[in-house]
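Now for the letters of each chain:
Protein chains: 2
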Amino acid sequence: MKNMKNFHMSSEEFRKQGKQMIDWIADYYENVENYPVLSQVKPGDIKNQLPETAPDESESMDQIMSDVNSILMPGITHWQSPNFFAFFPSNSSGPSVLGDLLSSGLGVQGMLWATSPSCTELETRVLDWLVNMLQLPDKFKSTSAGGAVIQDTASSAALSSVLAARERKTNYQTNDSGSLGNLVAYVSSQTHSSLEKAIKIAGIGKNNLRLIEVDENLAMRTDLLENTIQEDLQAGLIPFFVCATVGSTSTNAIDPLPEIGQICQKYQLWMHIDAAMSGTAAICPEYRFILNGVELADSFSFNPHKWMFTNFDCNCFFVADRSVLIKTLSILPEYLKNQATESGAVFDYRDWHIQLGRRFRSLKLWFVIRNYGVNGLRYYIQEHIRIAQQFAEWVRSSSEFEVVAPAPLNLVCFAHRNGNDFNKKLLETINSAGKMYFTHTVIGGNYVLRMCIGQTNTNEEHVRKAWETIQQTANELIQKD
Amino acid sequence: MKNMKNFHMSSEEFRKQGKQMIDWIADYYENVENYPVLSQVKPGDIKNQLPETAPDESESMDQIMSDVNSILMPGITHWQSPNFFAFFPSNSSGPSVLGDLLSSGLGVQGMLWATSPSCTELETRVLDWLVNMLQLPDKFKSTSAGGAVIQDTASSAALSSVLAARERKTNYQTNDSGSLGNLVAYVSSQTHSSLEKAIKIAGIGKNNLRLIEVDENLAMRTDLLENTIQEDLQAGLIPFFVCATVGSTSTNAIDPLPEIGQICQKYQLWMHIDAAMSGTAAICPEYRFILNGVELADSFSFNPHKWMFTNFDCNCFFVADRSVLIKTLSILPEYLKNQATESGAVFDYRDWHIQLGRRFRSLKLWFVIRNYGVNGLRYYIQEHIRIAQQFAEWVRSSSEFEVVAPAPLNLVCFAHRNGNDFNKKLLETINSAGKMYFTHTVIGGNYVLRMCIGQTNTNEEHVRKAWETIQQTANELIQKD
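Protein chains in written order, with the numbering used here: chain A, 1 to 481; chain B, 1 to 481.
Please keep in mind that the hints were generated in silico from the structure rather than gathered at the bench. One or more of the hints may lead you astray.
Identical copies look the same in the list; a pair holds intra-copy or inter-copy alike.
Here are the simulated DSSO-like cross-link-like pairs (lysine-lysine), alpha carbons at most 30 angstroms apart as the crow flies [as the list claims (entries may be wrong)]: (1) K266 / K425; (2) K424 / K435; (3) K435 / K5; (4) K337 / K47; (5) K47 / K327; (6) K141 / K435.
The structure presented is a predicted model; accordingly, all values stated were derived computationally and were not measured.
Next comes chain A alone, as it looks inside the complex (with noise of 0.2 angstroms):
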């Protein structure tokens, strides 16, 4: 054997910077109030202090953690921040940080059963657990007809569930001979983009995708979705595919599940109802009532990384009848073959989701579960919608600003009386200045503000100051006019 050289980092360095690392982690957290929440970089200004090639020589992990200090922690926007209200939340904690390390450090590509039988069963086992914990129908157990998986997101979750529902419409013969674009799905016209994006990637177009419109409390209107169908029905098409939201992205609205499920039992169409944030709180006994009616669907899916402080990426999917599924996505090559699949006594997991591919993603959410317990969990969801909810009264309670939308759990949609542009004005206003971060939609053609309640570390006090600092912001605009 020739003189061999050393590049590798040895084990008493990984050690010492893993240690170091973790320190960095948690002074983060102890710290990360002092950062502004919204990075206030210009494009490009991470980007020119980074060198245009990569270093022909090992440069240190001290001299790698230097930069990362200087370059680029100016260019976080701090998502786990306690002043984070924007968007959806994407949070995480202690629990979840150390099972997707033990995650990175297994280093398993869990694809097939047999490439690590822990990754497929103990995330088989979770996931049941899950069902116990929402409150679903027994026949998304896995020890059902039914089952489910770890996706990365409600979008491939998504995709996944209108290619299921398109190969079980056309006897599994599009994935043979392509669509032919006589399909047609529904959603509202609050659904999340990503079902758009699904129905454009799956074939079927968007001409093919209704738009339902809603009522007065931003949930898809039933009549009328009855109607549409029928209405393509008749013109020779052939419906296949409905989405149901809880709790939408711009409002958290709640499409009636029962009705949408009848309608789809009715017209054999395959329903899938997305709860990316706020299926976390049916967790909740109180709250369970979001997802009457989920006993009707085909799929379910929702984001522990959203609001179950099990951090990004980990989206839960689940499907009535696996069969369909594994029908739909699998593919199976020589190479892969093994005496385990074969069997037919196991999941390979690769065949309920677009990757091969896979992480050991059901770690992070079985520490979390564990380390939180079920009641722990509970009680930060419960003081979230609390929270949010005492917040929805402020507003309620002020003169100049009203709650424009139905705010059954953790977000409020607000507005000050004046107008589009000065709440433009107040959201760019607040968020260029750092202390908080909130986003906004449009209702109506209403510009409108959104105050999402739902970081890990949020409390009560967080909630307080952003009101004043929304407050006092408002004021000082109105005086400098």
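Knowing the structure of chain A, use the given hints to seat chain B on it.
Frame of chain A, contents of chain B only:
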């Protein structure tokens, strides 16, 4: 404010548990050769040890880690063992685990430039580094009309390329009107199964995927490719896409890129190159020849998570014209609008792939390239190829075994002369003994053994022992008969 409970892990506990986890991982790597490489558990063994319901009350990290050790570890197949020669490697390294840990800790969701400018700009910069490192054409750089993005896997990159090709060919009408069943794609009979999956997902249909036969080197026959294209044109179909492979999964075959590229230009087809594992070899000047012809490609992808010491998931996807990709995958609902996006001065990477949300994956890649240095990375790639060629020599000089496919890089396909049943028995016997793990493929009806050498810590001694194990086990099987 009401009396608050606390179920969050404290900062002190996180520091303590995190440092223990770092030691756990370091210990694991020091001892990984003591585990059977392929897990020896039976279906259900792991799941049956896990409780059927989630705990209501918090459990300690010590308790959880105790279950990791006693329940999960027997069900791990050790991808990070230097005796892992199966499939393709999915390797990791110290700097990669640390970069991934930092990503988990920061908990950044980089869907838009604004949601963490550093997440986007570091990614752009590091991918530009790779253009230089692999000597890719400048058109793949962010400073040209092209650019690159980190995706999860080569499967998703392949799907993205199929979609962009579909839209370019149909003038973006398929996104609107759906597939029409007249587009045709071309791959070789050796192309990875993810391409067939992508063609199905995209609504093109498997019947419109031509599997072009291969030559004696298992590379695509371009005379047959052109003939097939002409036949399809004469039949009124619309050829739109070719995937060329550099290092096929089955045997590491390399398709003739220049000839395929010329055909793609002649017939205006999108040329995608899948170099999932083998692309990394091109960082070594002496192996750069494998990418000759890449200058003709519309897109190119390879996986640092396979052979570049960066843990799963990390696929790098390069496109020559980013506007096609973005136009294909872009969706801009109101709630994602922001000043930076509207300025057009930034990349919003969620428009470059299927998903909306995304991790800060460039951190681990940046850590790896900087901590190894390009010369450090080259050293191990050169070593792996040298050892694989050494292994091939040993096989060739044996009277009982033969090399059965060209072995241009780090994958050697070989077989015992005793035929299919014997080789299958040999593989299963060795894998169930646990000292090493390798897998098989089928070439021309023959069951063939694959030794893929690319795990981070694999050195000549591991491969020498593997060869001894293979020879010895074969002899024992012959004597038993």
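Do the hints match the structure? See the list:
1. K266 / K425: This pair counts as neither: shortest intra-copy Cα distance 48 angstroms, inter-copy 53 angstroms.
2. K424 / K435: So K424 and K435 pass the 30 angstroms test inside one copy only (17 angstroms; across, 64 angstroms).
3. K435 / K5: between (50 angstroms within a copy, 26 angstroms between copies)
4. K337 / K47: between (45 angstroms within a copy, 23 angstroms between copies)
5. K47 / K327: between (45 angstroms within a copy, 24 angstroms between copies)
6. K141 / K435: Cα proximity of K141 and K435: none, with 44 angstroms in one copy and 36 angstroms across.
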